[in-house]
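Order-wise, the sequence lines are chains D and A.
The first sequence begins at 1420 in our numbering and counts up one residue at a time.
The second sequence begins at -19 in our numbering and counts up one residue at a time.
Hints may contain errors.
Stated by the list, open to error - Per the computed footprint, the stretches of chain A lying under chain D, defined by three or more beta-carbons under 8 Å from a beta-carbon of chain D, are:
id: 1; region: 163 to 171
id: 2; region: 189 to 200
What the hints assert, rightly or not - Listed below are several chain D residues computed to face chain A (Cβ distance under 10 Å; list not exhaustive):
id: 3; residue: G1501
id: 4; residue: G1605
id: 5; residue: G1607
id: 6; residue: V1609
id: 7; residue: I1618
id: 8; residue: E1621
id: 9; residue: S1626
id: 10; residue: L1637
id: 11; residue: R1695
id: 12; residue: A1702
id: 13; residue: W1706
id: 14; residue: Q1707
id: 15; residue: G1711
id: 16; residue: L1714
Everything labelled a hint here was simulated from the structure, so no lab data went into it.
Remember, predicted model here, so these are calculated numbers, not experimental data.
Using N, Cα and C, we set each Cβ at its ideal position, and we do this for glycine too.
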Amino acid sequence: MLFAKLSASATTPALLLMAAIFAASAWVMPAWLAFLLTLAFSKALVVLGVVIQMRAGLVSFGQALFYCVGGYGVGLASQYLGVSDAFALLALGTLAAIVLALICGWLLTRYRDIFYAMLTLALSMILYGILVKSSALGSTDGFNVSPPSFLGWVPEGDAIKRTLYLLTVGVSAIVALGFHSFMVSGLGRVTEAVRENEIRVEYLGLSPQRMLFANYVLAAGLSALGGGLTAMASGHIDPDMAFWTTSGEFVFIAILGGTGHVAAPFIGAIVFSVIRTFAIQEAPNTWQMTLGVILLALVLFLPKGLWSLVERSKKREASA
Amino acid sequence: MSSILETRGLTRTFGAVVAAKELNVNILKGEVVGVIGSNGAGKTTFINMVTGYLPPSSGDILFDGKSVLGRKSRDITRMGMARSFQVAQLFPKLTVMENALVALVAAEGTQPSFLRRLDTPKRRDRADAIFAEFGVSRYRDALVSTVPQGVRKLVDIAMALVSRPRMLLLDEPTSGVSSEEKFALMDTVMAVVRQHGVTVLFVEHDMEIVARYVSRIMAFYSGEIIADGPPRSVLGNAKVQEFVVGHHLNVNAVLGATL
């Protein structure tokens, strides 16, 4: 039923409208808000990678691996290959993550449950360890990423930030539309079936492992896009991008937003960024406690995330 | 008639326990074979081995003349041997229709696309036709977790038949189904499989069900087949009555009751 609802819903026009509103507001919103939203949307792309795996019944505690690879891919291509175009940089970062995912996925998709979660965590921490020990890449300090150009155009001053914000909105909109289609596609639905009953999928003549592998690679690509956009927006990358607490943040946002709709991770990421910004400002030494309390409240009262509030109001409207 | 499933010296041990001992089975195309045996006799082990879920310790399995040894369950399904389960194996948080759609996309033989939709009018029409055959149309939009056990069993078997297999293995199709519903369920299933000309092998504890629907019975005991033949001779066999049925069985009464 959910499937029928999704396909018949107004999600596509709603996503386009939201993208247009966010894009148009680039000229009126303050710079700090544009920056916050740029990072929030970038995070949402990574979270979509987490969500795609959650829908298949797997939790990744190491999605920061691909976030970091996307970021470093952009940084390294910019610094060492002399690539400055934002689109080419994003493509290179994403390609690097996909190649890595093709290798890691072969191993990971043989595992389930806590073993999968721990292995994803282990792989991200291996990358973290390598980066920390790599003095050529700035070790724990990382290195700065030069502002990119956009198809030959080099914006200056505030225009660079606005352009990056618009690029992030554009990429997010395209990904969101694609993700929405994926959720109702053959592969998207079969991976949900894998979550429900792997044995049955196998006895229907399909390989659950192959489905999960495709899912994993797709998740890696999405997360790398988020990492690449973050690297360009913040102008800096460091090994913390691969640290386990970064992965924890992505899982947090996935739970905060929910997994029921493509918009959920975006809502989760925006709310998370706002809460974190204000929590750090108001309680710089205990902001993690604020997040912990919110997570506890979520698990207790909104186990299906913020999106369940939208679903509830929809149901109320339908029954009224 | 030619053979569709043949096993040669099929053996499976679990440590010191011999779950299947030198099984030589030959199922002919179009047969409806019942497999009986007490708990632990090796019936499900046999099904699990021929469907690729469990590797045998030794021996060979031929499906339509080709060895399936070492093949994965999904490959054997694609070759034309499908199965249902003692406990219906479905996708509980999806609707009955969604379950069927997944089975249909799997039966198409290509990998599910991440670009093309799962829910297409063509697949829905096919699913509706299957639901009508199995008499479960009224449950099509219900979540599987909410439908009665008998319906789940039917959907489980329907999903196995979606790929149009040449052979169907049913593991206790009436287990968990009330005694009032069991004949109706089997009547529905057998009507469909006969219509499609599918060879059937089913494991069953209920002698009335076995006697009514099969043309041949294989009786398992302690990993061996102790009797194999028409229902009257197998059910009348003293060893079968002692080790499988557990009491004296009035064969005429059982067979008569089912006629």
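Hints and how they fare:
1. 163 to 171: violated (count 0)
2. 189 to 200: violated (count 0)
3. G1501: Not OK, violated: G1501 (chain D) not within 10 Å of chain A, min 34 Å.
4. G1605: Since the shortest Cβ distance to chain A is 3 Å, the answer is holds.
5. G1607: holds (7 Å)
6. V1609: holds (5 Å)
7. I1618: Interface hint status for I1618 (chain D): holds (6 Å vs cutoff 10 Å).
8. E1621: Holds. Min distance 5 Å.
9. S1626: holds (6 Å)
10. L1637: holds (7 Å)
11. R1695: Nearest chain A Cβ about 33 Å off; hint violated.
12. A1702: This interface hint is violated because 40 Å lies over the 10 Å limit.
13. W1706: At 36 Å from the nearest chain A Cβ, W1706 (chain D) fails the 10 Å test, so the hint is violated.
14. Q1707: violated (34 Å)
15. G1711: Violated. Min distance 30 Å.
16. L1714: At 24 Å from the nearest chain A Cβ, L1714 (chain D) fails the 10 Å test, so the hint is violated.
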